[in-house]
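Top line first, the protein sequences correspond to chains A and B. Residues 2 to 187, numbered by this note's numbering, are exactly what the first sequence covers, in order. Residues 711 to 1235, numbered by this note's numbering, are exactly what the second sequence covers, in order.
Calculated from the structure, these hints are not laboratory results. For every residue, glycine included, the Cβ atom is placed at its ideal position computed from N, Cα and C. Keep in mind that a hint or two might mislead.
[Stated by the list, open to error] Stretch-level coverage of chain B by chain A, calculated; a stretch enters the list once three of its residues show a Cβ under 8 Å from a Cβ in chain A:
no.	segment
1	773-787
2	920-929
3	949-957
4	1132-1144
5	1169-1183
6	1193-1204
For reference, the chains in residue letters:
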Amino acid sequence: MTRQSQIALGLGCAAFAVLTLAVWIPLDTDTGLIETVRRRTAIGDAFAPTLAAGFILIGGLLTALSRAVPGGTEDAPRRALRFGAIMLAILIGGFFIALYAGPIAVALYNLGAAEPLEYRLLRGSFPWKYIGFVLGGIFAITGSIALAEGRLTRRAVLIGIGGVLGMIVLFDIPFDDLLLPPNGDY
Amino acid sequence: MDALGYVWAGILAVFQGPEAFALLGIGVSITLIMVISGFVLGIIVGATPGLGGPIAMAIALPILISAFGFTPDALLPVMGFLIGIMKGATIGGAVPAILFNTPGTPDSYMTTLDGFPMAQRGEARKALRIAHFSSASGDTFSDIVLIVCAPSLALLVEAYLDLPEKTALLILSLSFIAAVVGGSVGKGLISAGLGLLAVYVGTGEDFYPRLSMGTDVLNRGFPIATAVLGVLIVGAVFHQMALAHADRIRSVTRPTAPAEMGASLEWPQIRRLLPVIARSAVAGTVIGALPGIGSTLAATIGYATAKARYARRKAPGDPAFGDGAPEGIAATEAANSSVSGANLIPVLSLGIPGNTAAVFLILAAESIGGFNPGPSVFKFSTDSVNPELVIAFGLFTCMFVANLMNWTIGGVIMRSMGFLVRIPKHQLLPVVLVLTLTAIYVQETRMEAVWFTIAFGVLGFGMRLLDISPLPFVIAFILGGKLEDSARQAFAATGGDAWFLFTSPIAATFMALSVLVVILGLRRT
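Next comes chain A alone, as it looks inside the complex:
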């Protein structure tokens, strides 16, 4: 981290703390720092968040004013940030697949079915309950490995499949009352 980044971080945190103190806390809490109701004085809901924002403000200012010279360069964090952003997109993509793959599969099945099915009623039954989790999980695991390796390999796909099957064995098979993602949301 360079000296400039450190100043930017400190000032950014201080600005966030000031905004929290001046805007967020007053507008988003019903009681102030100290409240007197029926002659009883008590600490209000704004007190604790104000203390928290105070920590951030002091921390931000100390960071910005720190004379310590930090080491490092901008390149490594920037590369890591780019990598992290792509990995985040893969992870979110995986969970979106998990969320919608099951209902989409049911909708596709219903196209040719005499009696339409409803995913909500099938969320605990095989194979429907696994469709979203398996597809989304494999996507997230394999995608992340492929990102780190810079290419998609058969080994990455196998790790994705093995990992997801392992999780099913761990969470779903021994426990009747546990729901794999995303079945609790339906």
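Since chain A is already given, all that's left is putting chain B on it; use the hints.
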């Protein structure tokens, strides 16, 4: 029940608790099995670079809670398993450090400095045995100190500290953690402030859930598991993956095992190392008892102290520290292992977590219920049985069972785990990531919890990139509710005195110390 009765009840709770199976007609307690399993798993994850105790605890906790339920009977098996992981991971970390120059856990980095040169000299077996002996010695010493100190400290707190003093103590703990964890006081305060702010979202005493921006998503607040696992585990996985990616770009070569394991350790050599181990164990225990100072710093201090002493006294032919001195391994491993028991002192006596392992123990206690770590645990009530005290002595028993495992089978298991270093980190961590998020989901059963965890993970990743330690965030998140409740009660009890933190000498001293640690931290950096 008298004090000895409680100790005995705790021991019986472990050995005669719910039965897992019968062996030759004798019932084997499930708690015992869980401690042993946790210990073995701990060695495995400790020996696997990129994993570690916290990750294993994070994944295990929801599975354990699902398996054992939310009854008081679940406390000892679940917490015993976590204690087993905590202890196993500490010795496991030394294996790749010695054999492959790759620390399995951050606190075994100093072990590489002398362990790897010894392995290269063909003394790998001896180096591993020194690491194991020192680690087990430090751990045992630390546990004895815990058992003696935690109840005494809790009794002192209950006798002398009222609500304002307890509030001031919480503020002192937060300031201390913010000031000493990581390299910068300012960043420590930012981390603690963010943790406090996060825990206050969607909570409060009014009908309107504060800081929720009027949304349904935020009005229930953030579940503790999403914040803790997000910042600690998901953030760490993102960071480790980014590092693995950078290593791939730099074409870092994979480690190879030493060809010759060499001779074993003999008693005269052990006797020579005993003073080094003793000094490091004391240093590690003292450091471990302070909240927020982890085993990595203990290892560094233990190593540096031993190095300075060794340089003055070593014989001309002996290798220097950094060139394969057995004393270097002994000093590091005794210091980092002696942290594990001692850092449960603030947890059990004050309810203040000092490191990530303690965070997971508190998380387990809060999830299951029936055990609230803090001074009230150590109420030696004679007219009725205090079940929390029985659990506390049960936990101490679990620690000694894990120690026994460490002394007996720990070394053998540890030495057979060298192959784990070959598991590529970047292929293992995505599985850990999805496993963690799945574990969160099965506990909370709503996708919101997954999104919260990912969001906290991004925060944890960002903090690591900016050299901000995530530990003050997590500890502040855990202590935030307690701090506010305590302040509200103290304020009400003092009749609305705005200066309630400064009217009693003890509270005022704690507040002065809070400022002092920040100033000293600033001078240090």
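Now for the hints, and whether the structure bears them out:
no.: 1; hint: 773-787; verdict: holds (count 3)
no.: 2; hint: 920-929; verdict: holds (count 5)
no.: 3; hint: 949-957; verdict: holds (count 7)
no.: 4; hint: 1132-1144; verdict: holds (count 7)
no.: 5; hint: 1169-1183; verdict: holds (count 4)
no.: 6; hint: 1193-1204; verdict: holds (count 6)
Of the hints listed earlier, there is not a single one the structure fails to meet.
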